[in-house]
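Q: Sequence:
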Amino acid sequence: MADDKVGITGLTVAESEEIHRNLIQGTQIFGIIAALAHLLAYIYSPWLH
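Under this note's numbering, the first residue of the sequence shown carries the number 189, and numbering increases by one thereafter.
For the record, the hints were derived by calculation from the structure and aren't laboratory data.
Here are the simulated SDA-like cross-link-like pairs (lysine to any residue), alpha carbons at most 25 Å apart as the crow flies:
| hint | residue 1 | residue 2 |
| --- | --- | --- |
| 1 | Lys193 | Glu203 |
| 2 | Lys193 | Ile207 |
| 3 | Lys193 | Glu205 |
| 4 | Lys193 | Ser204 |
| 5 | Lys193 | His208 |
| 6 | Lys193 | Ile212 |
| 7 | Lys193 | Asn210 |
| 8 | Lys193 | Arg209 |
| 9 | Lys193 | Glu206 |
| 10 | Lys193 | Leu211 |
With the hints as extra help, turn the sequences into a complete structure.
A: As structure tokens, this is what we get:
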């Protein structure tokens with residue numbers, strides 16, 4: 189069992205891939221929300237036009 193651990197984290201390859209997948213998905217969701225917020229701020233802020 190100790191052979192499938194990766195580096196100093198003690199995670200298996202599957203565990204580290206799951207964390208990476210969740211991190212990427214969270215970053216994408218945050219980016220979409222941030223882009224939408226910036227778009228709305230641009231649309232509704234008269235001093236930016």
